[in-house]
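Participant: Produce the complete structure using the sequences and hints provided.
Protein chains: 8
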Amino acid sequence: MNEQALRTLLEQVRCGGVTTETALQRLRLLPVQELGSARLDHHRSVRTGLPEAVFAEYKSAEQLTSILEAMLSQQNVVVATRVNPAKAELVCRELDGLCYHASARILTGNDQYIEKVEGGLITLVTAGTSDIPVAEEARVTLAQFGHATKTVYDAGVAGIHRILFEAELLQQSRVVIVIAGMEGALPSVVAGMTPAPVIAVPTSVGYGAGAGGYAALLGMLNSCAPGLAVVNIDNGFGAACMAAAINRAHDHKA
Amino acid sequence: MNEQALRTLLEQVRCGGVTTETALQRLRLLPVQELGSARLDHHRSVRTGLPEAVFAEYKSAEQLTSILEAMLSQQNVVVATRVNPAKAELVCRELDGLCYHASARILTGNDQYIEKVEGGLITLVTAGTSDIPVAEEARVTLAQFGHATKTVYDAGVAGIHRILFEAELLQQSRVVIVIAGMEGALPSVVAGMTPAPVIAVPTSVGYGAGAGGYAALLGMLNSCAPGLAVVNIDNGFGAACMAAAINRAHDHKA
Amino acid sequence: MNEQALRTLLEQVRCGGVTTETALQRLRLLPVQELGSARLDHHRSVRTGLPEAVFAEYKSAEQLTSILEAMLSQQNVVVATRVNPAKAELVCRELDGLCYHASARILTGNDQYIEKVEGGLITLVTAGTSDIPVAEEARVTLAQFGHATKTVYDAGVAGIHRILFEAELLQQSRVVIVIAGMEGALPSVVAGMTPAPVIAVPTSVGYGAGAGGYAALLGMLNSCAPGLAVVNIDNGFGAACMAAAINRAHDHKA
Amino acid sequence: MNEQALRTLLEQVRCGGVTTETALQRLRLLPVQELGSARLDHHRSVRTGLPEAVFAEYKSAEQLTSILEAMLSQQNVVVATRVNPAKAELVCRELDGLCYHASARILTGNDQYIEKVEGGLITLVTAGTSDIPVAEEARVTLAQFGHATKTVYDAGVAGIHRILFEAELLQQSRVVIVIAGMEGALPSVVAGMTPAPVIAVPTSVGYGAGAGGYAALLGMLNSCAPGLAVVNIDNGFGAACMAAAINRAHDHKA
Amino acid sequence: MNEQALRTLLEQVRCGGVTTETALQRLRLLPVQELGSARLDHHRSVRTGLPEAVFAEYKSAEQLTSILEAMLSQQNVVVATRVNPAKAELVCRELDGLCYHASARILTGNDQYIEKVEGGLITLVTAGTSDIPVAEEARVTLAQFGHATKTVYDAGVAGIHRILFEAELLQQSRVVIVIAGMEGALPSVVAGMTPAPVIAVPTSVGYGAGAGGYAALLGMLNSCAPGLAVVNIDNGFGAACMAAAINRAHDHKA
Amino acid sequence: MNEQALRTLLEQVRCGGVTTETALQRLRLLPVQELGSARLDHHRSVRTGLPEAVFAEYKSAEQLTSILEAMLSQQNVVVATRVNPAKAELVCRELDGLCYHASARILTGNDQYIEKVEGGLITLVTAGTSDIPVAEEARVTLAQFGHATKTVYDAGVAGIHRILFEAELLQQSRVVIVIAGMEGALPSVVAGMTPAPVIAVPTSVGYGAGAGGYAALLGMLNSCAPGLAVVNIDNGFGAACMAAAINRAHDHKA
Amino acid sequence: MNEQALRTLLEQVRCGGVTTETALQRLRLLPVQELGSARLDHHRSVRTGLPEAVFAEYKSAEQLTSILEAMLSQQNVVVATRVNPAKAELVCRELDGLCYHASARILTGNDQYIEKVEGGLITLVTAGTSDIPVAEEARVTLAQFGHATKTVYDAGVAGIHRILFEAELLQQSRVVIVIAGMEGALPSVVAGMTPAPVIAVPTSVGYGAGAGGYAALLGMLNSCAPGLAVVNIDNGFGAACMAAAINRAHDHKA
Amino acid sequence: MNEQALRTLLEQVRCGGVTTETALQRLRLLPVQELGSARLDHHRSVRTGLPEAVFAEYKSAEQLTSILEAMLSQQNVVVATRVNPAKAELVCRELDGLCYHASARILTGNDQYIEKVEGGLITLVTAGTSDIPVAEEARVTLAQFGHATKTVYDAGVAGIHRILFEAELLQQSRVVIVIAGMEGALPSVVAGMTPAPVIAVPTSVGYGAGAGGYAALLGMLNSCAPGLAVVNIDNGFGAACMAAAINRAHDHKA
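Chains as they are written, first to last, in the numbering used here: chain A, 541 to 794; chain B, 541 to 794; chain C, 541 to 794; chain D, 541 to 794; chain E, 541 to 794; chain F, 541 to 794; chain G, 541 to 794; chain H, 541 to 794.
Quick caveat, the hints were computed from the structure, so don't treat them as lab data. Here the structure is a predicted model, which is why all the values come from computation and not from measurement. Warning: the hint list may mix true and false statements.
Straight-line C-alpha distance at most 20 angstroms; calculated SDA-like pairs for lysine to any residue [what the hints assert, rightly or not]:
#: 1; chain 1: F; residue 1: K690; chain 2: F; residue 2: A642
#: 2; chain 1: B; residue 1: K599; chain 2: G; residue 2: H641
#: 3; chain 1: B; residue 1: K690; chain 2: B; residue 2: E708
#: 4; chain 1: H; residue 1: K599; chain 2: H; residue 2: H641
#: 5; chain 1: C; residue 1: K599; chain 2: B; residue 2: A601
#: 6; chain 1: C; residue 1: K599; chain 2: B; residue 2: P673
#: 7; chain 1: D; residue 1: K599; chain 2: F; residue 2: H641
#: 8; chain 1: H; residue 1: K599; chain 2: A; residue 2: Q712
#: 9; chain 1: F; residue 1: K656; chain 2: F; residue 2: N616
#: 10; chain 1: D; residue 1: K599; chain 2: F; residue 2: P673
#: 11; chain 1: H; residue 1: K599; chain 2: A; residue 2: S643
#: 12; chain 1: D; residue 1: K656; chain 2: D; residue 2: N616
#: 13; chain 1: F; residue 1: K599; chain 2: H; residue 2: Y693
#: 14; chain 1: D; residue 1: K599; chain 2: F; residue 2: T669
#: 15; chain 1: A; residue 1: K599; chain 2: D; residue 2: P673
#: 16; chain 1: H; residue 1: K599; chain 2: A; residue 2: S744
#: 17; chain 1: H; residue 1: K599; chain 2: A; residue 2: T669
#: 18; chain 1: A; residue 1: K599; chain 2: D; residue 2: G752
Facilitator: Here's what the structure looks like:
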């Protein structure tokens, strides 16, 4: 029962075409399924303030192609994450207007529909060069969502002066995303240098005990610095969504 | 070498009391330690935008008393977390003007110095009643930091209608903190209902496999909902700091 | 907005006291919260077919007393699990009509309101004597829920003939709950001997590697026997609920 | 010693051809091995109420072919699980009358011998589209076992209205199987909406911390909703067997 | 149906008091339960060659007292393991003729019924002094089971000469039990020095990563030396049983 | 300094060709290295009673060929474990007289030099057919070491009668090796049926939680049956060595 | 057989009092036990260059007293670690001349026998104040071993300037021990600032995921900075021994 | 602002070209970024005393080629670790003067610029032959860093005499690196035989429980021998850096 059907029902009650009890009966039976749906089933972008993005990891090239074709035609901004090069090539052969970001493993399109967000600056920091693909997943996602970003790559704690140089930028950022593998120590340092909320992203860079990002994840969860929260290992997209939610809240207020 | 000492040195250079080389020597040796310090060694609250808080877990009643005495006299807002009842009683016997929040296990004081933050509403949601102490740690901390909060306690997913009732509130919040133990599913549901950034706090409520908060933590890190980040198990204070950082950023802009 | 309020609103639409658009507005804003609630907010027992039970682990004696007092006066069957002896004693001092099952750590009351379920027999099997408290938690819960149970205690696999003696009983049961710690092997043996669904409950009995019930839990999850599912470690109450749900479904059909 | 041999022995006792003591000796030595076998060694389907199914994971195409050939000729319903496409192709080249269900990775045959079970409806729910293969393993298995199923795919908690729409179906089901990866939260929600027993199946969909299905498994074991039990990660077949055992018990009674 | 009942039945068949078919019916129904039991239900000591021992960990002083009272009166050798001092004192107050081995945490009695095993020497080696209680649990158990033992305590690998001094003894032993916590390296060294089978017992001595005996357990499972098997952490009793089984097999042959 | 060299030195001392001090000097400097070596550096087979075996996992076909060539020419019994088919083929192309056991993944040779051990029977039991390769690794190894073996394959606990049939064989065995994956329950059942020492071998057969053999390993370590010890996951060779050590000890005595 | 006994034996060979064969026999039987011992059985302090220290954790006050009494009388430097206050008090009541270091939980004595090591400076750095007890365990141990130490306590990465101030000291140290709990990030920063070898000590300070020092341990093992090695959680004594070994090597050379 | 720029600024202050306040302003704004950098941003080799090395694991052949080309032309000693054979071949095709160490998986070059370190001997010990690649990574790295090394390969604890033979060498070494997989017991034995600091390197050699190097890692962390610290699994390079730092400290003093 969508809004139109509900209006019709109420009109019928008003003009006597349907009795109060009959209307009550229908409303009692259906509210969650249908009114509930009318309320909740808006596009997720309305409800959560985030554009739809396609998680392509488990989708075949064919499935991905048909989904993106629809998004392109509906004038939605396109973001498809976790697209490996082979899949990207197959999709791009079929569809025009897509751009493949190899490091980020993202396909984008319909950039003309990006709405600039009037928020602050989102700064992305990585500890090493091996962490850059995860950072790029976040950066490209944020760009498609309309957010301004800056990047500080390869500024890990074993050469601590590198991040100290960026103190000013960190102070000016609205949100800082810090991406680090190995011991995952950089977010603690950064969170001690800025009033901005820090989103820490552990990466699976590393080996031996704690490999697969576990050392970094545990380190970040145990950070002694306040103003920091964590997303899952290698989850650049998730960090981008959190940053966007923070920055949109910001935007919203203005 | 603080700013005054630096000015004096430069004056001496200017008037010839110190040679260029001598000044260079002193500046070359000391910059990080001292100029760096002049820049970095502001109170942490200036650098990170968060008031100082005392983590009392490993401190004796005596140590805690002397720290809080100093904070009270310096007209700082007082927040001491992880204070058990016995320690609280000992401290309150020594010092006037402290208030003990038993559920939150927090001692507060100097509330007259709280500066109201001009941000939005921070909503705290718990899945069960056993999660309330962690939520209270966050709520009391945020109150001392000057943020407005609302609470929705005991709205877990096994009775899904309970959180659905709060859809409006969730839509209006600037930040939502969701605290849940057991399977930790609530943050995913909430993040699907609001544009606000969601800070998920796993709690150690539960037993058997995944006890100690691990099931909840892993569930939250694996959330399929975007716009969500996680702090450590039972870390209500950490969630409050992240929320404050987000809300301050907001405030900052205005 | 409960059913009465909805009827009133529809009446007002019908008689023109409220315009269609106004009614639509109210219905659009509220359906999930209120109509949804009207639909969903029945007592959980109506929705899930299981009586309410109180999980007392994290509740103080005072809290537990006031909850049970209300349940007793509302003529609900009373089941409060995870009540340690000290808490039980305090509660029983305050309230009449409660019975404490020490091994099961359960408080029961209002037994006169138990409704017998017309289902089959639920058999509880334990591997050792140390597993009996968990079995008793399940047995007492099922008794309060109105189910018929039989018990076969101390029939572990190191003396395999003990369970073989019970082949007939296992064949006749509608549901079998098997409770085992240590290596947790018994559910596999039982599931190979009966057409009934087997609910496996690992217990925290044991020591060394795999202590805390992990060896038993993993063993049960890896069972090579079909027709078996698992609940959390020591979760006798959860096993009872699953068994009740199975047996009720049975009952329902008749 | 099968039943015939036992009868012969008793006849010999009766007619004096064998003394009581000799018979006693033979019976004392052999009962478990032989009488026991006569009793126990029925086809597993008689003992456990579940048709035989072939777990093909570790079997070569040759081994699988010869097993299935025998089953086909013996007029048994054929279910072979965990058959990858290459193996399926090899087997189907050799044997007629098999059907390969690619998503479920199951080979079926002899459908004409399926005996319809007079039980209720078994509903299969998945959280995401990536969980569908595990659900299909359960669904195809149940179909071969003669059970009626319905499916609700892609109804995860990040869009909570999707499962709310299915409240009526959940209420009418005899058994509900809920398949979910990531945070594994859906079974808790479902178990709060239905009186039916819920079988929760964690899937290995996901990445980072808790990958491989561990986050989902732990979440389901820690579910705060009663009436729910869990099978191993990706174990669609195991869930089907448990559901069949529950539904057969049902059938049995009628 | 015990042996006597079976004889009676056969007699009845012989004399025509029971028909062949009736006897067949009774035998077909009962064999596993009753004949099976007649065969299997010997005292465990007959079936497995090991005397009964009481695992007292989860038993109250009252329960333990009544079990031991029975064992004492039945002229069984008494071994009760995991008896803490308080429980031991309570039991010894009630029963005469028990001896408490404090380090081993074992109560023994009826030593006059110990049957000497005609096997070889069982040597117990510990790495450190902290491992001695576990070794003593094994030693006292073996003494009650009638086996000859020698001990080499405090011969860990950080002073490798200590175990080298015992090369001769190790060569002469029939079984060697090596008990070690920390890194658990000693069993590998010992297994390289003797033809005897080595039973490795990890102990929970240690701290930090790998505490609780996990480092030792994993080390022993990964031993590069052949002729070595492992029992659970701190399981001195289990090691004794394995050693006894090996040594009895030996004895048996003679 | 081998025994011969030592004798020569002593002869020289006796006849005055070497002074006492010179001899002392040589003996003082070298004892561990040389006398120690004379004592310790016998072929491992002398010291530990086990023939040399080659662990081929990490060796190239070339390395393996040259090692086996030497062993063949030195008239040693050849056992090379963990040889994959490709490597086996390469080696067999180079060397005559080798036999490849595909299921066991073992290369053997020089069988004419096998010395029969005068011990008892070693019985190998597997729970499933997938466990057979590990059992075969043990069986072939034992054959090369000169031990008599029998096998009972596919006798897992979900069809408990299968192992009950073998009660007699289990009673007659000197050692029983039980190989099981999944829940690893079979060793407990077997250890309750025989006086022989039971060596439990967990296998990596299984999936989901506890995969890789962990569920089986933990189950076996937590076995409630006495007279059982465990080797590492899939370690058929290790089990064979332990069984050989037990059986040799036996042999030794005769 | 010590050196003197060996000389005597050789003399007897030389003068004919003992035949070559008899001498050979004795040397063949005993070398490892006795010559080996003569070589290896020096006091550990001679062999490893480290004074003896007593690990008191598992020792009773009585045991500890008698050990320390002997050490005091033998004019050994006394270091007993892991002595809790109660045990310390009991011991000190019995023995004169001991000093209890409460934070370090160490008893020391016979300081007059400390030999100053001619090495460099060992600097101890902690991240937080809660890490100080572990640092003190290292510092007091090093003092007893004769090494010069400096301490920099409470210099964690969330206030990165604190460690930057100490750049000069770090450059001048021969060894740096860095003690940190929580995320354990400080050793990476320090190792990037000094040419000295860094010994990282994780502490069990922290809570939630990674508690007990695991997050810190994994972080340190995964450090991206070279020139760093790790000891076990809270193992201040172990760090001191490693530092002493490094610094002694240094000393040795001079 | 480098040193030259700072000198210029001070000159300008001296001669009045810049006011004190202007200079102060520039120094206050920039110190960390620029003076800090001037101080800290020396080549890492100056700051940490270790030459640069390239971690090639995550670098493409193209990236690696360009980095090494630069290093070769700048007359730096070249060490690139974790170079697989395919990548090595591609790089060597492009660049002259590189040498590939296949076992160590290292590319070296510019050996003429190696500066010999005047330290002691660094001895590398492995437990088995499978551990040699990790040892070679350490050995080749140390050679490029200018350190003298000796190797003792295949001296594991199951044949304890092998390491005993090397007692003299161990006594003479300045640093000992012990590389071991499986149970990782060798470092404890070695640390008990030498005054030198021991760096323990667990390797991923092994299988089953504790595979991937975890058993060895935990064993080493729990070593009962003092004077030992640990690096991450398979981290031969890290061990070399630690050894170099220790040996350089040594060198430094001379």
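Participant: Are the hints correct? Go through all of them and say.
Facilitator: Hints versus structure:
| no. | hint | verdict |
| --- | --- | --- |
| 1 | F:K690 - F:A642 | 19 angstroms, holds |
| 2 | B:K599 - G:H641 | 18 angstroms, holds |
| 3 | B:K690 - B:E708 | 13 angstroms, holds |
| 4 | H:K599 - H:H641 | 18 angstroms, holds |
| 5 | C:K599 - B:A601 | 28 angstroms, violated |
| 6 | C:K599 - B:P673 | 13 angstroms, holds |
| 7 | D:K599 - F:H641 | 18 angstroms, holds |
| 8 | H:K599 - A:Q712 | 33 angstroms, violated |
| 9 | F:K656 - F:N616 | 14 angstroms, holds |
| 10 | D:K599 - F:P673 | 13 angstroms, holds |
| 11 | H:K599 - A:S643 | 13 angstroms, holds |
| 12 | D:K656 - D:N616 | 14 angstroms, holds |
| 13 | F:K599 - H:Y693 | 16 angstroms, holds |
| 14 | D:K599 - F:T669 | 9 angstroms, holds |
| 15 | A:K599 - D:P673 | 13 angstroms, holds |
| 16 | H:K599 - A:S744 | 15 angstroms, holds |
| 17 | H:K599 - A:T669 | 9 angstroms, holds |
| 18 | A:K599 - D:G752 | 18 angstroms, holds |
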